[in-house]
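In case you want the letters, here they are:
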Amino acid sequence: MIQLTDLSYRYDRKGPDVLRGIGLTFVEGTHTALIGANGCGKTTLIKHLNALLIPTAGSVSVDGMKTSDVASRQEIRRRVGMVFQNPDNQIVGMTVEEDVAFGPGNLALPAAEIRHRVEDCLQVVGMTGLERRAPHTLSGGEKRLLSIAGVLAMEPKYIAFDEPTAYLDPSGRQRVLDIIRRLYAQGMAIIHIAHDMRDVAGVDRIVVMDRGAILIEGTPAEVFGHADLLRSVGLDIPAGTGEAR
Amino acid sequence: MISLGQYVPGDTIIHHLDPRVKILAVVLMSPLIIAAPAAGIGLITCFLASILAAARLSLSRTAAALKPVALFITAIFLMHLFLTEGRPLLSLAPLPVQVTWDGLLQGMYVSWQFASLVIAAAILTMTTLPSELVSGIERLLRPLRHVGVPSQDIALMISLALRFVPTLLEEYERLRMAQMARGADFTAGPLARRMRAVALFAIPLLLSAFRRAEELAMAMEARGYHRGPRTTLRELRLGPADMTALGVMILFALLYVALRMIP
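Sequences listed follow chains A and B, in order. For the first sequence, position 205 (counting from the first letter as 1) is numbered 205 according to the numbering used here, and the numbering increases by one without interruption. For the second sequence, position 33 (counting from the first letter as 1) is numbered 33 according to the numbering used here, and the numbering increases by one without interruption.
In short, the hints are calculated from the structure, not lab data. It is possible that some hints are incorrect.
[Claimed, not checked] Cβ-to-Cβ under 8 Å is the rule here; a few derived chain B residues that face chain A:
id, residue
1, Lys67
2, Phe82
3, Glu85
4, Pro130
5, His146
6, Glu215
7, Leu216
8, Met220
9, Gly224
10, His226
11, Pro229
12, Thr231
Ideal Cβ placement from N, Cα and C applies to all residues, glycine included.
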């Protein structure tokens, strides 16, 4: 379980709080969508989940380990995977297989285990056969899938996606959503920043953020019931999503 | 992306050799080539030709690898041709230079020596994946860990640089197109104006490279990057073929030195 307790964060000591008094929990086997207008702090929030950012006030704990504790950081990062928005800036390897091997390599796993994970993860995202390709020869959709495979190779329990369907064509978008659904079915906790409301219709819980704080939180039906409130913070609900799933 | 001896996929003995063996072979060959007398260079040419054949690298591929340095080789040749004293071959009378037989031979010899050096290095890069090359360098540097050389970090830096060359080139192209679409002209006008036009996209390119670096650093951290021991997908292991190749190289070097001892 990841527990955020009264989390506040500011980039500058004298600057304004970009996150204010956030309290949330993420449990294995649940799919949470994080929505909100641009600049409301969604990305800043998920960077707290694996100790990339440390709260200015309040705390984040992952399975009981505090992210402020330097000694736990490596283990926290193994458990909490993060897929960033721009796949180009998170591909490290000169080839597809080496990129997937980067995370397990950092965990100092033996070569045979790394090979095994690389094969598995490329199969999960449907990229078997592209092992030796250089990243710059991949399409935008394939780069996105590679960035997911690279995170899966760490075998995380929790995985946060920052707008995983941005810039994808309809079939690419469907492929990514299918993968997320499968990971969810395997019992992983999914935390999913979404812009496209169609992506969040089937989730367990929606958290709506506004200017660094949580506005409302609940099942899709509950959240989409507050249509006026959502519209007031610049969000639109898709027709007929209230009773989806 | 890098035209000097780009990797040519293949399934030959040379392709499958351990990258360390190939790197050491180039390191061993270089002084032999540099110190080679005219007869020695013939022997080396035969040796390189047989490796090229074994790696199934065609003459045109090899010539393509020489292309970036062709101008340099020509310059070396011409310098020797005109500036060596000896038996005149062709007099260019009012001019103070003349072509000599000695100059012709010396020029051919020195430029062939230089070409051989480039070919030896090109065989390495044409038969070895960049990633294997990097892990080979890493393994060869590993003993230097004890004196504080961070071999794994050096290898990671090289591979990140290679990984991002095409990405930055793409970005450069995109920025150039964007500027051109807004009427910038990089090909005409006085030099000062053209330079200003180049600065127009040099600065955004630099800024975006910094932003990328920052995001990349964060993504690497998120995937558990840390200072300290790491493992890799492919652990290099010297097989019988590698030992044989190393043996052949050393034998060749010894034979070569021995031949030079005999007057």
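Evaluated hints:
Interface hint status for Lys67/B: violated, as the beta-carbon distance to the closest one in chain A is roughly 22 Å, over 8 Å. Taken as an interface hint, Phe82/B does not check out: its beta carbon lies about 45 Å from the nearest beta carbon of chain A, beyond 8 Å. Because the smallest distance between the Cβ of Glu85/B and any Cβ of chain A comes to about 51 Å, over 8 Å, the interface hint for this residue is violated. With 8 Å as the threshold, the beta carbon of Pro130/B comes within range of chain A, its nearest partner Cβ sitting at about 6 Å, so the hint holds.
Checking His146/B against chain A: minimum C-beta separation of about 19 Å lies over 8 Å; hint violated. Restraint check, Glu215/B versus chain A: the minimum CB separation of about 4 Å is within 8 Å; hint holds. With 8 Å as the threshold, the beta carbon of Leu216/B comes within range of chain A, its nearest partner Cβ sitting at about 5 Å, so the hint holds. A hinted interface residue such as Met220/B counts as satisfied when its beta carbon comes closer than 8 Å to some beta carbon of chain A; here the least separation is about 6 Å, so the hint holds.
Residue-level restraint check for Gly224/B holds (minimum Cβ-Cβ distance to chain A is 4 Å; threshold 8 Å). Below 8 Å, beta-carbon pairs count as interface contacts, and His226/B has one with chain A at about 6 Å; its hint therefore holds. Here the hint on Pro229/B is kept, as its CB sits about 5 Å from the closest CB of chain A, short of 8 Å. The interface hint given for Thr231/B is met, as the beta carbon of that residue sits about 5 Å from the closest beta carbon of chain A, less than 8 Å.
The structure fails to meet hints 1, 2, 3 and 5 from the earlier list, while all remaining hints are met.
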